[in-house]
Each structure stands twice: as C-alpha cells, then as structure tokens.
Amino acid sequence: MLWRKMVRDVLESKAAYLACLVVISIGLMVYTSLNLTADNLWQAKENFYREYGFPDGFATVKGIPEAEIRRLAALPGIDQLEGRIVQDVRVIFPGREESTFLRLVTVGTGQGKTMSKVKLLAGLPLDPHQPGIWVDPQFLAANELKIGEEIPVIVGGRKVFLEIRGQAQSPEFVYPMRNAQDLFPDPRSFGIAYLPLPVMRSLAGEGAQINQLIFQLKPGFSYQDVESWLEPRLERFGLLALYPAKDQVSNFILNQELSSTEATANTMPLLFLAVGAVILYILLKRIIEQQRGQIGTLRSFGYSSREVQAHYLSYPLIIGLAGGLLGSLSGLWLSFPMTAMYQAFFHLPGLQGNFSLDYVLLALLLSVGFALLAGYFGSRQAMLLSPAEAMRPPAPPSGRHISLERWHWFWRSLTVQGKMATRNLFRHRQRSFFTFVGITFCFSMIAVTGYFNNIISVMIFDQMTKVQTHDIKITFAAPLSATGTRRELLKLPGIKRVETLLEAPATLKHGWRERETVIIGLGRDAELFNLLGEDGRRVLLPERGLILSSQLAEALGAKEGTIITLESALLRGDSISLPVYTIIPQYMGINAYMDKEALSRVLGQGELATSALLVAEEKALPLITEKYREASQVATMENRSQLLENFNEMMATYGFTIWILAVFAFITGFAVIYSFSIVALAERKRELASLRVLGMTPGEVLQILTFEQWLLALAAMLAGIPLTLQLISLMAQAMGSDLFTLPLIFEPNSFVIAAVGTACFILLAQWTLLRQIRRFSLVEALKERD
Amino acid sequence: MEVILTGRKLSKSYQLGEVRVQALRDVDIQIYQGELVVVLGPSGSGKSTLLNMLGGMDKVSSGELFYRQQPLHAMDEKGLTRYRREAVGFIFQFYNLMPNLTAWENVHLATEIAAKPLSAKDVLIDVGLGERLEHFPAQLSGGEQQRVAVARAVAKNPEFLLCDEPTGALDFETGIQVLKLLRKFSREQKRTVVLITHNAGIADMADRVLYMRDGRLDRIRSNENPLAPEEVSW
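Protein sequence lines correspond, in order, to chains V and X.
Sequential numbering from 1 applies to the first sequence in the working numbering.
Sequential numbering from 1 applies to the second sequence in the working numbering.
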C-alpha cells in the first residue's frame with residue numbers, strides 16, 4: 001500500500017521529480033556513454049598496437065647507412081631496430097587548388113616481421129619490384145580513389161605515377177597529422193602511403209638514405225637506457241629527433257583523447273548526480289515535513305520508524321532507479337554513435353561499439369547510491385521524532401532578528417515583503433545555501449560555455465587575422481637564398497607583398513629543462529607574421545635575443561632576461577646562449593622567435609629562407625598556386641582561406657560539444673531553481689494564502705518568493721565569477737596541450753550571457769509559481785492541516 | 001473486571017519550540033477490559049498526552065505504565081511499535097487518512113502489518129461504506145472519512161481503541177453515527193474503547209468518565225446506566 005502512496009505522491013509533484021530525474025539521467029548518460037566509448041577506444045588501441053607491434057622508440061636522422069643500422073640493432077636493450085625512409089611528397093590532382101600530400105613510409109616485405117606491421121585491409125601485397133603503394137583508406141575515400149588507380153606524385157623533383165595496390169592501416173598513423181602545427185587530421189589533403197624500400201629507392205634515387213629508425217626494447221630495459229646509448233651514436237648522422245612511443249604524435253593524441261574522455265566520464269557525472277541528490281534531498285525533506293501528520297498516523301497504528309523511513313527512502317530509490325536506468329540505457333545506446341564518431345577521428349581497425357551491461361550496472365549502483373544517500377539524510381531527522389511529536393504540528397520556526405537588520409539603511413529600504421523574504425533566507429539556511437550553490441553552478445556552467453565559444457573565435461581569428469595575415473605560405477623543400485627568392489616571388493603577377501621566414505628546428509635548454517621547438521626567424525619589418533604582446537600590440541623583434549611563446553617559456557621555466565642555451569643540428573658550433581627578450585601569449589603551437597638576420601648569423605650559413613609568406617590580389621592567387629604546385633623547390637603550399645575553412649569545420653565539432661554542455665547547464669539550472677521554488681511554495685502555502693486573504697494580489701505574494709530568489713541569485717552570480725575563472729583555468733590546463741593552449745582571458749561577454757541565461761530560467765520558474773499562486777484555493781490552504 | 005492498562009504517577013513534559021510544557025502530572029489510572037471510557041477535559045488539560053501515553057505513542061517522563069503485565073514505560077521503540085501494532089487502534093479528530101490512498105487502501109495499509117486482521121472490505125461494508133471502497137479521502141464527506149478511520153482502527157482487530165476527539169470535526173448527526181460504531185465495537189466485541197473529548201454530552205454514553213484538569217486526573221465518575229449514542233446530545 002505504501003508503494004501506491006509513494007507512486008501517487010511522486011506523481012503529485014511530478015514536475016519537480018521529473019526535473020531531478022532528468023538531471024540524474026543526463027549524468028549517467030554521460031557516464032555510461034563516455035566510459036563505454038573510452039573502453040572501446042582503449043580496447044581497439046591495445047589490440048591493434050599489440051598485434052601490429054607499435055614501436056617503443058623513434059629516431060629521425062638526416063641519413064644513416066644500413067651497415068650502421070645493423071650495428072645499432074645489436075646494442076643492449078634493443079630487441080628489434082629497423083630503418084626506413086619517410087618522406088612527404090606532393091600529390092598532383094588536376095584542377096585542385098589546395099596542396100595534397102602523401103607521407104611515403106617504407107615497409108619491409110619479408111616474413112616474420114613483428115614491429116610496426118601494416119594491416120592490409122583490402123587489395124594485393126606489395127611487390128618490391130613494382131612502383132605500387134598501399135594507402136590509408138581515409139585518404140582514398142576523401143579523394144574518391146580506388147584500388148587499381150594511379151596517383152601522380154612529385155618525388156625527387158619528378159612526377160611519377162604510383163599504383164594503389166591496396167588500402168592499409170598502421171598503428172603509427174591512427175591519427176594522421178602532417179605536423180604538430182595542425183590541429184586536426186585532414187584526410188583530403190594528407191594521407192599515409194606504404195611502399196617497399198627498393199621501390200622508394202628507385203623513385204627517390206639511389207642516394208636516398210634511411211632517415212628514420214624505429215625500435216622495440218627488450219624486457220627489463222627502459223627507454224631512457226636505450227636513449228642514452230643511441231643518442232651519441234646517432235649524432236653524427238644528423239639526429240633531428242629521438243623520442244619514446246608516448247611522444248609519437250598519433251599515439252600522444254590518442255592517449256590524450258583517451259585520458260580526457262575518461263576524466264570527463266568520471267567527473268562530470270558526479271556533478272550531475274550531486275545536483276540530483278541535492279534536489280532529492282530538498283524534495284524529500286519537504287515531503288516529510290508536509291507529511292508529519294501522516295508519519296504520526298502510520299506510527300500510531302504500528303509502523304516502525306524503520307518501516308516509515310524505508311517508505312520515504314522508496315521515493316529517492318524509485319527516482320534513482322528510473323534515472324539510472326534511463327540514463328545508463330540511453331548512454332549505452334549513445335555509445336554506439338559516439339564510437340562511430342571516434343572512428344572518423346581515430347583509424348583503429350577494431351574500433352566498434354560494444355554492448356556491455358557493466359557500466360549500466362555501475363551507473364545504476366551509482367545513481368541508486370546517490371539517491372539513497374540523499375534520501376537517508378533527507379529523512380533522517382523526521383525519523384527521530386516520536387510518534388506523538390509527529391502528530392503535533394511542528395513548532396513555528398524560530399523568528400529572530402537577523403544580523404542584516406543591523407544595517408539600518410539597508411533594512412529600512414526594504415518593503416515588508418522584502419523583510420519577510422530576507423528573514424526567510426536566514427531561517428532556511430540549508431535550502432538557501434543549496435539554492436545559492438545551484439545557481440552558482442549553473443551560472444558558471446553557462447559562463448564556461450560562453451567562454452569556450454568566444455575563445456575559439458578568439459583563437460582562430462586572432463591567429464588568422466592578426467598574427468598570420470598572409471594569403472599563401474610556401475614552404476621550400478630545402479633552404480633557399482632569401483634575397484633571391486624574394487626577388488623571384490615579387491615578379492609574380494598581382495603580388496603585393498613577400499616576406500621570407502627562416503625556420504630552424506632547435507633544442508632550447510634552461511638548466512635541466514629542455515624543449516624541442518622551431519625557431520622562427522622573422523624580418524624586423526614583418527607585417528605578414530605579427531607577434532602580439534599581452535595587450536594585443538605588436539612586439540618588435542630585438543636585434544639579439546629570443547621571443548618565447550608563453551607555453552614554451554613555462555616549459556623552460558624561463559622569464560624575461562633568462563639565458564637560454566640553443567642547440568641545433570644546423571648550428572656550426574656546439575651551442576650558443578641567448579637571452580629571452582620577452583614572452584608573448586600564443587595559443588597555437590610552441591615556438592621561439594628571433595630576428596631573421598640574427599638567426600642567420602647564429603646559424604652561420606648565410607642569409608637563408610625556408611618559407612615565404614605572400615599577399616596577392618585575389619584573382620592572382622590561383623595562378624600562383626598553379627605555377628608552384630609542381631615546382632621541385634616547393635615542399636608545401638598553404639592557402640590561408642582553405643586553412644581557415646578547415647579550422648572552422650573542425651571547431652564546429654567542438655561547438656557541438658559546447659552546445660550540448662550549454663543545454664545541460666540550462667536543464668540543470670532550471671531543475672534546481674524550479675524544484676526549489678516548488679518546495680518553497682508548498683511549504684509556505686498557508687503563510688502565503690494568509691497574505692492573499694489579507695488582500696495582497698498574487699503578484700505581491702509572489703514578490704516574497706522572488707525577492708528571496710533574486711537576492712540569492714545576485715549573490716550566487718557574483719560567487720559564480722571566481723568559480724568560472726577557476727573552472728576555466730582547470731579546464732584550460734586539462735585541455736591544453738603542446739599543440740594549443742586555451743588563453744585565460746576575462747571575457748565579460750560570457751558573464752553577461754550567463755547572467756541573462758540564469759535570469760531566464762529563474763523567471764521561467766517564477767512564472768510557473770505565479771500560475772500556482774493564482775490557483776490557490778484560499779479556504780483550502782488555510783484549512784489544511786497536515 | 002480484568003484490568004488491561006495500569007498507570008501509576010504518570011508524568012510527561014516536553015519541549016515545544018522554545019517552550020517547556022508540563023502536560024501530565026502524577027496521574028494514576030486503570031482501564032478495564034470491555035469498558036467504554038470517556039476522558040473529559042478542556043483543551044490543554046493533558047487528555048491527548050494521556051492518550052498518547054496509553055497508546056505507546058510517546059514515553060512517559062516518569063511513572064509506570066503497564067499493558068497487562070508488560071511495562072510500557074520501560075519498552076524501547078521497537079517494543080512500543082509492536083504494542084501499537086498488535087494492541088492499539090487509533091482514531092483521530094481529523095481522521096488522518098493518507099490523502100492519496102483510497103478508502104480500501106487506507107484500511108488495507110493498517111491490516112497489512114497487523115497479526116490477525118479482519119478483512120478490510122468487510123469492515124468497510126460494516127461501517128456502511130461498501131459503495132465507497134475506491135474513493136479517495138477528498139471524495140468523501142467528513143463523516144465518511146471518519147468512518148474509514150474507524151474501519152482502519154477496527155480492521156486491525158486491536159485489544160482496544162483510543163479515540164482522540166473522534167466527533168470533533170463532525171456535525172451532530174454524523175458524530176452520532178461514529179459514536180454508534182464505537183459503541184457497537186465495544187459491546188459486540190467486548191473490547192475497550194477510550195475516547196477523549198471536551199464535549200460533556202458524550203460523557204453520558206460512557207461506563208466511566210475521567211475528568212482531567214491541568215494535567216491531573218481530577219475525579220472519576222461511574223455511569224450505572226450509560227445512554228445509547230442516539231440519546232446523547234450536545
């Protein structure tokens with residue numbers, strides 16, 4: 001019978017319980033779907049890495065003879081070591097403006113190979129005597145290519161046609177990015193191709209040397225051991241980079257995605273569950289106060305306090321169960337499209353949605369646990385009442401003067417409604433506190449959402465419109481003479497401005513800290529690549545010294561004036577020391593900047609250019625692209641509008657996530673305020689009805705409740721500002737990486753949006769209240785005694 | 001006649017908000033098997049408190065209270081719950097029905113936990129509500145609601161009934177109907193009924209009348225010839 005009572009009670013306040021149910025469901029949907037997706041991702045990664053032998057370490061060199069490789073393979077700690085040629089080549093698609101690249105990676109074709117195998121998904125084996133390649137399926141799909149077709153590429157300055165013999169996937173290129181400056185892979189303009197070493201040699205010329213080593217460790221050896229043995233031996237072959245598996249770009253990003261997914265999966269739901277639990281707690285406390293008489297009656301005819309408490313625990317239990325079931329099952333369902341979405345980003349052959357009830361059960365346990373906890377604390381106090389006490393109406397809540405009344409000017413300025421409301425705030429401290437926390441929470445969530453929305457535009461548009469203002473960037477295959485190149489490019493029709501850059505890979509060291517980066521040498525009169533300081537103004541390059549991006553400065557622990565040691569394979573001598581001139585905020589990439597001439601002097605190789613930035617009339621742009629597309633000196637050509645478009649496309653996926661967050665924030669905020677308002681109304685029905693009897697209009701009565709809410713909301717929003725900043729900085733730390741950082745900018749806009757949003761659902765909640773007050777039956781409300 | 005409840009020097013005080021209330025002072029009382037007792041007194045005289053003590057709703061502050069040989073004053077919450085479950089049937093002035101359970105469900109709620117309950121439906125038919133089983137309290141008149149409350153108390157098949165102003169919220173006619181039901185229970189089943197009221201008219205139907213004032217038992221009057229409920233008036 002008590003079950004029926006519970007079900008009918010719940011149905012009576014269905015809106016409030018529904019709000020709570022929705023909040024819990026959202027939390028568990030996030031929990032289940034993200035955890036399942038992360039598991040799917042992890043499982044697919046582990047299987048693929050294990051079966052296809054992901055290497056433990058990588059070394060990039062200028063060139064190394066094969067005999068040397070055999071010697072290195074015999075080093076202690078090394079289980080397997082293999083050399084290969086890795087080279088990016090341009091693909092020529094007739095009629096296409098944007099540059100397209102394939103990364104050619106040589107692979108062994110022999111049997112018994114266990115490291116970095118390539119999984120052939122479709123097609124024929126590679127033939128060491130035929131210029132055929134395997135290509136990653138995403139590149140094929142994005143460019144509408146089929147097995148059997150030929151791709152025209154420029155290798156070693158010649159245009160050759162490579163036959164696509166199959167489509168294949170390697171664990172090393174699960175997330176194929178051309179360089180660390182790119183934010184996202186773009187399968188249309190970049191792909192991976194695998195080919196036998198002899199074929200590569202015949203294409204690139206016999207002089208082509210092995211330029212990358214991959215190795216796996218023997219059990220019991222650490223990467224650090226092997227690194228210290230390898231590094232000195234590789235130096236004379238022009239060691240450019242030596243890094244462990246965890247720093248390999250594709251693997252790094254995959255792992256980062258995994259850990260951030262897991263972190264979100266295990267923190268965000270707790271937030272929602274906590275909100276749901278607080279709502280349940282308040283609702284239950286209210287219903288128990290309201291049903292004091294019923295509790296007394298139940299006790300009077302022999303229900304024990306345990307049975308009565310069990311009855312009241314059944315309310316949160318049913319909400320917890322329903323929320324848990326709804327949330328976890330929808331999460332289970334959602335994990336399939338989410339996993340499918342990841343398939344588009346991470347090319348793991350075994351990646352698929354899996355039907356698993358583990359998280360459904362865990363989610364149920366979690367939600368029931370949270371609900372019962374809320375229920376226990378919500379019902380505890382009432383259960384301590386003796387039945388006779390429960391039968392008596394509760395003693396009137398203590399009516400005392402509050403400390404705020406000492407501020408006479410404030411207190412006198414309040415209307416009677418205002419005074420009632422203010423005293424009430426302090427009388428129901430607990431609920432005021434939870435309302436305060438609830439409003440703070442949803443205010444901050446909306447503000448964070450607004451911040452991300454704004455910040456993405458800030459990041460992209462700052463970078464694109466203020467920092468890099470060129471139309472085309474041409475990167476040369478090898479350094480060229482700066483003056484000559486500039487003169488050559490200026491002859492182009494429609495050209496407006498040409499600036500050359502000198503980019504030098506280098507290791508910067510400060511004390512024990514070091515960082516691999518690219519030093520970008522700019523002209524002192526550069527206009528197409530601007531360095532902006534904190535205040536958004538241009539920073540002028542010093543004659544001597546480095547400008548560091550803030551990210552890099554932090555990694556090195558460097559400040560203005562710190563002396564940095566610079567090492568580079570391009571350097572004539574061993575190393576040189578330079579002071580840090582200043583530090584600039586940079587959201588994308590970690591770079592160091594120098595005056596181009598100073599950098600040339602340091603490198604001691606004359607005045608060189610590694611790339612050029614161009615501004616030209618719009619109609620001249622296609623012509624320029626056309627002219628240089630097949631030039632052998634040109635390695636890559638980046639069209640800026642195309643880049644901007646890619647950015648926007650990719651950010652749209654972020655935008656989607658952000659909007660989901662915003663919707664969650666709205667629902668949660670509304671649920672909290674709405675359910676608390678309903679509770680406040682029900683609790684003070686008599687009091688408010690009495691005021692109506694005295695002659696107040698529904699609007700005037702509503703004022704008492706709303707005054708309370710607005711007062712709380714104001715305080716909550718103010719408290720929400722520092723909380724938002726704290727959240728943003730936490731999220732910025734969690735989401736930021738070497739590739740990009742989230743700038744911590746105070747964005748007043750976000751707070752305005754958040755305040756308006758919060759006010760919106762407070763108003764919405766109050767509107768439902770007003771409707772209820774209008775419907776008050778005065779006689780009923782006054783007569784009611786339960 | 002067999003004594004079922006014996007109280008010696010019963011006292012009770014409790015805290016209500018910021019006030020301490022001395023509700024019962026040194027009350028000596030005996031209740032016999034099968035009698036209909038009316039406790040009479042103005043409001044605040046301690047009758048409800050006495051009823052709560054007798055019904056095991058609350059513990060005495062001092063004194064001794066026995067149900068047959070069982071010391072209620074020494075029982076823990078568990079024991080008192082069992083006592084209320086098995087021995088007592090309560091009827092309240094404001095019926096105290098569960099507003100969202102039907103008449104039948106309200107009665108059934110009580111029989112679910114009783115040891116030897118009567119059929120909820122039979123008892124409701126008995127109190128004249130056979131046609132109203134599926135009605136919610138809000139769909140019933142005050143008299144009907146109180147009859148559901150009587151049915152709820154009786155259906156548990158308790159040793160005795162404790163009634164707190166059972167006619168207090170009813171008009172005269174319906175009040176008489178409820179009193180008839182109580183009298184019927186007392187006479188036909190030979191069970192004890194303790195009824196508290198401030199309505200002196202009702203006292204005429206009692207076997208004994210206990211007068212209360214200021215938390216004390218003022219005097220006791222025995223009625224040689226109690227009136228039938230139809231004959232009382234107020």
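Everything labelled a hint here was simulated from the structure, so no lab data went into it.
Do not rely on the hints blindly, as some may be mistaken.
[What the hints assert, rightly or not] Non-contacting residues of chain X with respect to chain V, defined by C-beta distances greater than 10 Å in every case (computed):
#: 1; residue: Asn52
#: 2; residue: Lys59
#: 3; residue: Glu77
#: 4; residue: Asn96
#: 5; residue: Asn100
#: 6; residue: His108
#: 7; residue: Glu173
[Said to hold, decoys possible] Restraint ranges, calculated between C-beta atoms of paired labels, are given here:
#: 8; chain 1: X; residue 1: Gly17; chain 2: V; residue 2: Leu11; range: 26 to 36 Å
#: 9; chain 1: X; residue 1: Glu112; chain 2: V; residue 2: Leu270; range: 50 to 60 Å
#: 10; chain 1: V; residue 1: Leu365; chain 2: X; residue 2: Gly17; range: 55 to 65 Å
#: 11; chain 1: V; residue 1: Leu365; chain 2: X; residue 2: Phe172; range: 57 to 67 Å
#: 12; chain 1: V; residue 1: Glu687; chain 2: X; residue 2: Glu112; range: 33 to 43 Å
#: 13; chain 1: X; residue 1: Gly17; chain 2: V; residue 2: Leu414; range: 33 to 43 Å
#: 14; chain 1: X; residue 1: Glu112; chain 2: V; residue 2: Leu11; range: 44 to 54 Å
#: 15; chain 1: V; residue 1: Glu687; chain 2: X; residue 2: His73; range: 36 to 46 Å
#: 16; chain 1: V; residue 1: Leu18; chain 2: X; residue 2: Asn223; range: 14 to 24 Å
#: 17; chain 1: X; residue 1: Glu77; chain 2: V; residue 2: Leu271; range: 34 to 44 Å
#: 18; chain 1: V; residue 1: Leu18; chain 2: X; residue 2: Glu112; range: 51 to 61 Å
#: 19; chain 1: X; residue 1: Glu77; chain 2: V; residue 2: Asn354; range: 47 to 57 Å
[To be verified] Computed far set for chain X versus chain V, every beta-carbon distance over 12 Å:
#: 20; residue: Gly55
#: 21; residue: Gly63
#: 22; residue: Glu86
#: 23; residue: Gln177
#: 24; residue: Pro226
#: 25; residue: Glu231
No residue lacks a Cβ here, since even glycine has one placed at the ideal position from N, Cα and C.
For each hint, the structure was consulted:
1. Non-interface status of X:Asn52 relative to chain V is broken: a Cβ of that chain comes within 10 Å, the nearest being about 4 Å off.
2. The non-interface label for X:Lys59 is inconsistent with chain V: the shortest C-beta to C-beta separation is roughly 7 Å, within 10 Å.
3. In this structure X:Glu77 is not separated from chain V by more than 10 Å, as the shortest Cβ-Cβ distance comes to only about 6 Å.
4. Residue placement check: X:Asn96 does not keep its beta carbon more than 10 Å from all beta carbons of chain V (closest about 4 Å).
5. A Cβ of chain V approaches the Cβ of X:Asn100 within 10 Å, the least distance being about 4 Å, so the stated non-interface status is violated.
6. Remark: the non-interface label on X:His108 conflicts with the geometry, its nearest Cβ contact in chain V lying 5 Å away (cut-off 10 Å).
7. Listed as outside the interface, X:Glu173 is consistent with that label: its C-beta sits roughly 21 Å from the nearest C-beta of chain V, beyond the 10 Å cut-off.
8. Hint check: X:Gly17 to V:Leu11, Cβ distance near 34 Å, so the stated range 26 to 36 Å holds.
9. At about 39 Å, the CB distance of X:Glu112 to V:Leu270 disagrees with the hint of 50 to 60 Å.
10. Checked against the hint of 55 to 65 Å, the C-beta distance between V:Leu365 and X:Gly17 comes to roughly 42 Å, which is inconsistent with it.
11. Between V:Leu365 and X:Phe172 the Cβ separation comes to about 59 Å, which falls inside the hinted range of 57 to 67 Å.
12. Evaluation of the 33 to 43 Å hint for V:Glu687 and X:Glu112 yields a pass: the beta carbon distance comes to about 36 Å.
13. In this structure, X:Gly17 and V:Leu414 break the distance hint of 33 to 43 Å, their C-beta atoms being roughly 26 Å apart.
14. The hint said 44 to 54 Å for the Cβ distance between X:Glu112 and V:Leu11, and at roughly 22 Å that hint is violated.
15. Hint check: V:Glu687 to X:His73, Cβ distance near 39 Å, so the stated range 36 to 46 Å holds.
16. Taking 14 to 24 Å as the suggested C-beta distance range, the pair V:Leu18 and X:Asn223 does not conform, at roughly 58 Å.
17. The hinted window of 34 to 44 Å between X:Glu77 and V:Leu271 holds, with their beta carbons roughly 39 Å apart.
18. Hint check: V:Leu18 to X:Glu112, Cβ distance near 29 Å, so the stated range 51 to 61 Å is violated.
19. Distance hint check for X:Glu77 and V:Asn354: the Cβ-Cβ separation is about 51 Å, which falls inside the suggested range of 47 to 57 Å.
20. Distance check for X:Gly55 against chain V: the nearest CB is about 7 Å away, which does not clear 12 Å, and the non-interface claim fails.
21. For X:Gly63, the condition that its CB be more than 12 Å from all CB atoms of chain V holds, with the nearest at approximately 16 Å.
22. Annotated as non-interface, X:Glu86 brings its C-beta within 12 Å of a C-beta of chain V; the closest such distance is 7 Å.
23. Taking the minimum C-beta to C-beta distance to chain V, about 22 Å, the non-interface status of X:Gln177 holds against the 12 Å cut.
24. Taking the minimum C-beta to C-beta distance to chain V, about 27 Å, the non-interface status of X:Pro226 holds against the 12 Å cut.
25. With 12 Å as the threshold on Cβ separation, the claim that X:Glu231 sits away from chain V holds: the shortest Cβ distance comes to roughly 31 Å.
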